[in-house]
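Undergrad: The chain contents come next:
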Amino acid sequence: MESLIPVGLTDLQGVYPALNLAVAGIVILLLDAFFPMRSKLLSAWITLIALHLSFTCGLHRLTSGMDETFFHGAVRMDPFTHAFTVIICLASTLAVLSAPKYLRLRDCHYAEYYALILFSVSGMLLFSAAEELIMLFLALETMSIPVYCLVAFTRDNEYSTEASMKYFVMGAFATGFMVYGVALLYGSAGSGYFADLPRGAASSPGLFYSGMTLVLIGFLFKIAAVPFNMWTPDAYEGAPTPVTTFMAEAVKAAPFSGMIKLLIVAFGFSQAVHLWMPAFIGIAILTMVVGNMVALVQTDMKRMLGYSSIAHSGYILVGIVASVKLNSSEALASVLYYLFIYVLMNAGAFGILILFSHKNKDTNAIDDLVGLGRERPWAAAFMGIYTLSLTGIPPLGGFFGKFYIFSYAIKAGLTPLVIVAILTSVMSAFYYLKIIVAMYFREPSDPQHPAAFSYEGYSVFLIAMLCFTAFGVIYFGIFPKTPLTLARLAAASLIPAP
Amino acid sequence: MLSSYLPILFQLVLAGGFACALLVLTHVLGPRRSTAVKLSPFECGVDILDEAHHRFSVKFYLVAMLFILFDIEAIFFYPWAVIYRDFLSEGLFLLIEMGAFCGVLVAGFIYIWRKGVLEWA
Amino acid sequence: MIILQTLSARLPDILFYLFAGLSLIGAVQVLCRRNPMNAAVSMVVTVLSIAVLYILLSAYFIAAAQMIVYAGAIVVLFIFVIMLLNLSAKEIGRRRYTLFKAFAAFVAAAVGVSLLPGVRGAPRAISEQPIDPSFGSAKTVGRLLFGEFLLPFELTSILILAAMVAGVVLAKRDITPNRTFSPVDAILDLLLKSDRKDKSP
Chain C
1 MESLIPVGLT
11 DLQGVYPALN
21 LAVAGIVILL
31 LDAFFPMRSK
41 LLSAWITLIA
51 LHLSFTCGLH
61 RLTSGMDETF
71 FHGAVRMDPF
81 THAFTVIICL
91 ASTLAVLSAP
101 KYLRLRDCHY
111 AEYYALILFS
121 VSGMLLFSAA
131 EELIMLFLAL
141 ETMSIPVYCL
151 VAFTRDNEYS
161 TEASMKYFVM
171 GAFATGFMVY
181 GVALLYGSAG
191 SGYFADLPRG
201 AASSPGLFYS
211 GMTLVLIGFL
221 FKIAAVPFNM
231 WTPDAYEGAP
241 TPVTTFMAEA
251 VKAAPFSGMI
261 KLLIVAFGFS
271 QAVHLWMPAF
281 IGIAILTMVV
291 GNMVALVQTD
301 MKRMLGYSSI
311 AHSGYILVGI
321 VASVKLNSSE
331 ALASVLYYLF
341 IYVLMNAGAF
351 GILILFSHKN
361 KDTNAIDDLV
371 GLGRERPWAA
381 AFMGIYTLSL
391 TGIPPLGGFF
401 GKFYIFSYAI
411 KAGLTPLVIV
421 AILTSVMSAF
431 YYLKIIVAMY
441 FREPSDPQHP
451 AAFSYEGYSV
461 FLIAMLCFTA
471 FGVIYFGIFP
481 KTPLTLARLA
491 AASLIPAP
Chain H
499 MLSSYLPILF
509 QLVLAGGFAC
519 ALLVLTHVLG
529 PRRSTAVKLS
539 PFECGVDILD
549 EAHHRFSVKF
559 YLVAMLFILF
569 DIEAIFFYPW
579 AVIYRDFLSE
589 GLFLLIEMGA
599 FCGVLVAGFI
609 YIWRKGVLEW
619 A
Chain Y
620 MIILQTLSAR
630 LPDILFYLFA
640 GLSLIGAVQV
650 LCRRNPMNAA
660 VSMVVTVLSI
670 AVLYILLSAY
680 FIAAAQMIVY
690 AGAIVVLFIF
700 VIMLLNLSAK
710 EIGRRRYTLF
720 KAFAAFVAAA
730 VGVSLLPGVR
740 GAPRAISEQP
750 IDPSFGSAKT
760 VGRLLFGEFL
770 LPFELTSILI
780 LAAMVAGVVL
790 AKRDITPNRT
800 FSPVDAILDL
810 LLKSDRKDKS
820 P
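Residue numbers (this note's numbering), protein chains in the order written: chain C, 1 to 498; chain H, 499 to 619; chain Y, 620 to 820.
Do not rely on the hints blindly, as some may be mistaken.
Result set (DSBU-like, lysine-lysine): computed pairs, CA atoms no more than 35 angstroms apart in a straight line [claimed, not checked]: (1) Lys325/C <-> Lys411/C; (2) Lys359/C <-> Lys791/Y; (3) Lys536/H <-> Lys359/C; (4) Lys536/H <-> Lys166/C; (5) Lys166/C <-> Lys720/Y; (6) Lys557/H <-> Lys709/Y; (7) Lys434/C <-> Lys411/C; (8) Lys758/Y <-> Lys166/C; (9) Lys536/H <-> Lys791/Y; (10) Lys166/C <-> Lys791/Y; (11) Lys434/C <-> Lys481/C; (12) Lys481/C <-> Lys359/C; (13) Lys166/C <-> Lys434/C; (14) Lys361/C <-> Lys557/H; (15) Lys536/H <-> Lys720/Y; (16) Lys709/Y <-> Lys720/Y; (17) Lys359/C <-> Lys166/C; (18) Lys709/Y <-> Lys791/Y; (19) Lys361/C <-> Lys720/Y.
Simulated restraints, written as ranges between beta carbons of each label pair [to be verified]: (20) Arg653/Y <-> Leu616/H: 57 to 63 angstroms; (21) Arg653/Y <-> Phe471/C: 56 to 62 angstroms; (22) Ile621/Y <-> Phe565/H: 49 to 55 angstroms; (23) Ser753/Y <-> Leu593/H: 19 to 25 angstroms; (24) Arg653/Y <-> Tyr576/H: 35 to 41 angstroms; (25) Glu710/Y <-> Lys359/C: 23 to 29 angstroms; (26) Ser733/Y <-> Ser532/H: 54 to 60 angstroms; (27) Glu710/Y <-> Val526/H: 49 to 55 angstroms.
Since the hints were made in silico from the structure, they are not lab data.
Quick reminder that beta carbons are idealized off the backbone N, C-alpha and C, glycines included.
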């Protein structure tokens, strides 16, 4: 009898970043079960430490250029994965930092929040490492299911529950597409490993291309590209703001990792590229146009940022198309850099909303920010930095992110796409500037009773998060060298230099 | 190989046919004398107390969901138990594999227990 | 006798078409039935027919799992939800035909048509390979599950745990414990060695 393929400690060490988070999640649950404490700060600290460990591990592996497969090829820990480990852990840390006070204000500060976040993040890390379809699917589910629950975390709030329901139904729908596609791909290739999949295109092209389409549709749902974006604004608006922060960054960045990997490794041969590339170009245009247009008329900040996040998905799709077309790791590096900056600036914008959220009511409407510049100049300045960066104003990170992506897209000969992207960016300036105008230049409608801005959502965690993001947006905008070098290192592992 | 299951198919057809035939025959042959009293609904001979359409408590749902999760867990024991004897030389390794799987779920079980989900309060 | 022999030779095909048809009928019924309870029971038909198809493919373990998990547990959960909502006929409402449903039917038909050539082409390539007699048994599944697919298997436990916690958070009315444990008190207990619990009523 042949033996089982042995799995050793090295395999466990290989998936350490994800393993560490899952274990921390279980520890939090057990701690809460045996020693329920009134203050949940211990759980928050455990979460932060675990995320920090995974973050530094990812960063260390990225700089040392580790590239190995573990568990018989189920996961591949290459610099690309490490880069996403870093981005996802950073995004989750920012989301966790923004949570404690807000949840306490809403009377739902439970340890389960942190455990669910940790499980979700460990799913994301494995998702970005997956090299096999079953692994990919299971990791995707591990990442999504906790988020469905987190959206409904303020359980008495009917908006929150409704958002969760919508998100869950649409997410399950996307999962259905995905798993159908996975089955077809497996059927055509007879193997689930990404590297083996192109074989299926030769033996039974019908199954293969149907499977590819279905899997990509599943991914487009997850990243909220336009025909599949209907859940985004409702889910973003209804979810508690820290959860929205988590969704807009970590849950947004993670599907891109799996999608890019699958597009390059499994669907990177020329016949497949000829099929999905035109579709992706069309979807990117639709995503940018619709996302930005609809954001123009929003009056609610969370909803507006939801649409803006749809639009940013469009820009990232432009970068992906360009990097596949050029077959250049430099172009892919610009996508990674963009995601990194996007995480910082978006987290900051949500952080300001959390800072001014009240016990029973969020400060979400743009009108609620009228007079912020006069009353709370510091907070308004921070908000200004984030929105200017989201618009893409030069010295800030958001500008360079867009600039690199667009310049590579032009190099790839995607000029019409870039023209649309630039026009929609200009359009986006209107609604981002609306926030700045509201903060600095608009008079309150009732001058006798100007809105009172109290830092009800204030906590040390949140202030740390805001300072870090504001600093990051400025610093990594002016000195983009470090993140760009790391991003190039990561991208080179997926697209080897010619 | 499948032809060895032919008797089972016959048995299925026979059993199904017999049951259907009985139903049809009673329907056709049996005399039916329905009166107003006979047709009125009743509960164990007592007059109806109220309607049967009540909403269930969500507590049932929680228990049912937990049942499914542990049911799925139990499914994974079958293949493990079957191969355990074949890989006795790697028994410790297999034991650890299953131990890790169960450990996570036992942690979940402890969590549920301590949270009082199993109490019918 | 000859009839029996041909019947037994054609048996897999006959069974396949019988149960494939049944599963399709069940699936269409799930979609078309207005009464959710009828739809749930139709789903049992589909699920069990698919289990038979698995047996025909000699995937015995999957067939058993399908019956235990889907027919046994998941449909029960569906029925629980239906009873939880307990919609009356008035709340369910009449059937309506909308443009959206027509579009959905069109998409479904398009997926079917696009898959047809692939499905017709694939089985020939696969059926030419001889099937290992142990294929699909619990042993083979076990060997794969605890060898090659170990990480997905272990990840399943995390997934189940996350689902468990998510369910408890959403459905349990009160998840704050009655008695909270204060670390400060515990440390004081240890230091002062005084039994605080006896003093407090």
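Undergrad: All hints are to be evaluated individually against the structure, with a verdict given for each.
TA: Right, here's what the structure says about each hint:
1. Lys325/C <-> Lys411/C: Within the cut-off at roughly 10 angstroms; holds.
2. Lys359/C <-> Lys791/Y: holds (23 angstroms)
3. Lys536/H <-> Lys359/C: Violated: Lys536/H and Lys359/C sit about 62 angstroms apart, past 35 angstroms.
4. Lys536/H <-> Lys166/C: violated (48 angstroms)
5. Lys166/C <-> Lys720/Y: At roughly 19 angstroms apart (the allowed maximum being 35 angstroms), Lys720/Y and Lys166/C satisfy the hint.
6. Lys557/H <-> Lys709/Y: holds (26 angstroms)
7. Lys434/C <-> Lys411/C: holds (33 angstroms)
8. Lys758/Y <-> Lys166/C: Between Lys758/Y and Lys166/C the Cα gap is close to 41 angstroms, so the pair fails against 35 angstroms, i.e. violated.
9. Lys536/H <-> Lys791/Y: violated (44 angstroms)
10. Lys166/C <-> Lys791/Y: holds (20 angstroms)
11. Lys434/C <-> Lys481/C: The hint holds at about 32 angstroms.
12. Lys481/C <-> Lys359/C: violated (42 angstroms)
13. Lys166/C <-> Lys434/C: holds (29 angstroms)
14. Lys361/C <-> Lys557/H: With Cα atoms ~30 angstroms apart, Lys361/C and Lys557/H stay inside 35 angstroms; holds.
15. Lys536/H <-> Lys720/Y: violated (45 angstroms)
16. Lys709/Y <-> Lys720/Y: holds (21 angstroms)
17. Lys359/C <-> Lys166/C: Within the cut-off at roughly 25 angstroms; holds.
18. Lys709/Y <-> Lys791/Y: holds (30 angstroms)
19. Lys361/C <-> Lys720/Y: violated (38 angstroms)
20. Arg653/Y <-> Leu616/H: 57 to 63 angstroms: Since the Cβ atoms of Arg653/Y and Leu616/H sit about 36 angstroms apart, the hinted range of 57 to 63 angstroms is violated.
21. Arg653/Y <-> Phe471/C: 56 to 62 angstroms: holds (59 angstroms)
22. Ile621/Y <-> Phe565/H: 49 to 55 angstroms: Because 51 angstroms falls inside the window, the suggested range holds.
23. Ser753/Y <-> Leu593/H: 19 to 25 angstroms: holds (23 angstroms)
24. Arg653/Y <-> Tyr576/H: 35 to 41 angstroms: Because 39 angstroms falls inside the window, the suggested range holds.
25. Glu710/Y <-> Lys359/C: 23 to 29 angstroms: violated (36 angstroms)
26. Ser733/Y <-> Ser532/H: 54 to 60 angstroms: Holds: the Cβ-Cβ distance is about 55 angstroms, inside 54 to 60 angstroms.
27. Glu710/Y <-> Val526/H: 49 to 55 angstroms: violated (38 angstroms)
Checked against the numbered hints above, the structure violates hints 3, 4, 8, 9, 12, 15, 19, 20, 25, 27; every other hint is satisfied.
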